[in-house]
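J.: Grab the two chains, each in its own frame, and use the hints to assemble them into the complex.
Protein chains in written order, with my numbering: chain Z, 2 to 111; chain E, 483 to 600.
In short, the hints are calculated from the structure, not lab data. Cβ atoms here follow ideal geometry from the backbone N, Cα and C, with glycine treated the same way. Some hints here could point you the wrong way.
Quick list of in silico lysine-lysine cross-link-like pairs, DSBU-like style, CA-CA up to 35 Å [said to hold, decoys possible]:
{"hint": "1", "chain 1": "E", "residue 1": "Lys496", "chain 2": "E", "residue 2": "Lys548"}
{"hint": "2", "chain 1": "E", "residue 1": "Lys546", "chain 2": "Z", "residue 2": "Lys98"}
{"hint": "3", "chain 1": "E", "residue 1": "Lys502", "chain 2": "Z", "residue 2": "Lys98"}
{"hint": "4", "chain 1": "E", "residue 1": "Lys502", "chain 2": "Z", "residue 2": "Lys10"}
Chain Z is nowhere near these chain E residues, computed Cβ spacing over 12 Å in every case [said to hold, decoys possible]:
{"hint": "5", "residue": "Gln511"}
{"hint": "6", "residue": "Gly535"}
{"hint": "7", "residue": "Thr560"}
{"hint": "8", "residue": "Thr562"}
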Amino acid sequence: AQRVTQPEKLLSVFKGAPVELKCNYSYSGSPELFWYVQYSRQRLQLLLRHISRESIKGFTADLNKGETSFHLKKPFAQEEDSAMYYCALNRMDSSYKLIFGSGTRLLVRP
Amino acid sequence: GAVVSQHPSWVICKSGTSVKIECRSLDFQATTMFWYRQFPKQSLMLMATSNEGSKATYEQGVEKDKFLINHASLTLSTLTVTSAHPEDSSFYICSARAPRGSGANVLTFGAGSRLTVL
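Isolated chain E (complex conformation) (with noise of 0.2 Å):
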């Protein structure tokens, strides 16, 4: 079936620092990725949804200049926290539509990348 890679699966920065995730999709293509934040026992927001070959779109609230998302490829999203602060300390989770076929509106999942940022 259709599998997401999440790259890191930890990683810990200091404030100020920057931090790249990377989500991966393999063995198909996806032209949208989403980009979820799951706070402790909490549920997932969505942060943004990354397209292939144009600009992410953010849901209100979320700053796009602090959540870089860039999607350069059909199999390829990467997320980056810039200036990272304590508060960015959270569970990233990316996403991508399962490939044509297996249902359209099916995600497939990643399987997080958890940032503590010091």
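Pulled out of the complex, with its shape left as it was, chain Z reads as follows (with noise of 0.2 Å):
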């Protein structure tokens, strides 16, 4: 069966320090990853995937299929990433169907 997990649900760190947001996914065949992100009182939008293998904001995530991963990065983390984000994993079938994870919300204090 298809699954993201994201396994936490909250990570605070301060202005300036790492963040990593983990994700983990299982999926029998060849899947396509995303990250979207939601800032408080705004919609749900794309954050990146990992096909473009793009940088957005500053932020990163490299798919690694041995780990079944595709954990999110950010060297230096700003007050405004703070948000709730969702990893999601797209099917490569007809279906264009995504499977969200949990979320983790990231808190950038100051």
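T.: Next comes the structure, spelled out in structure tokens:
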């Protein structure tokens, strides 16, 4: 069964500290992974996708098929990074269904 | 960029009544839309896939007679919660696949609709 696991419900760091939000997945095929972010009082929006191999707002995420992980990292957290972060898996079939993890709330303290 | 509009953003209804939530894709056509449900402090749970011009496909455990989905045009999908009960109170979020060329597997989300059933 497809599953996305985000083990941390809350991650609290100080401004300038490194951040790593963990995400593990289980999927028998070749998945496509995403990170979505939801800032306070805003809608869910795409942060980055593994296919793009890009850095958005200083965040990067590398797909590790051996460890079935897609952790989100940022070397120096900013207060404006405080938000809810969801890891999501897209089954590489015709359904285009996204399966979300339970989310991790990142709180960056001044 | 692609925008998805949801209406209403907040609705309160009496138990036993039906409520319709609209999801519109603005400036792009969406042959497929998705409806999610989110409980407080929990993740998004996919309820159903709304397909333009055909029946919606529901996820396991979601009552299709309870949650009626209609996708009559390329820019509009509606979710009707029929005979609503307090346990149907939740945050309902729709999404649409982004237009071709912007990443076919990227979803654009609506702002959500909070339903409270008294």
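J.: Hints first: check each against the structure and report whether it holds.
T.: Here is what the structure says about each hint:
1. E:Lys496 / E:Lys548: holds (16 Å)
2. E:Lys546 / Z:Lys98: holds (18 Å)
3. E:Lys502 / Z:Lys98: holds (23 Å)
4. E:Lys502 / Z:Lys10: At roughly 32 Å apart (the allowed maximum being 35 Å), lysine 10 of chain Z and lysine 502 of chain E satisfy the hint.
5. Gln511: holds (15 Å)
6. Gly535: At roughly 16 Å from the nearest Cβ of chain Z, glycine 535 of chain E sits farther out than 12 Å, so the non-interface label holds.
7. Thr560: holds (19 Å)
8. Thr562: Since the minimum Cβ distance to chain Z is about 22 Å, threonine 562 of chain E lies beyond 12 Å and the statement holds.
Taken one by one, the earlier hints all hold for this structure without exception.
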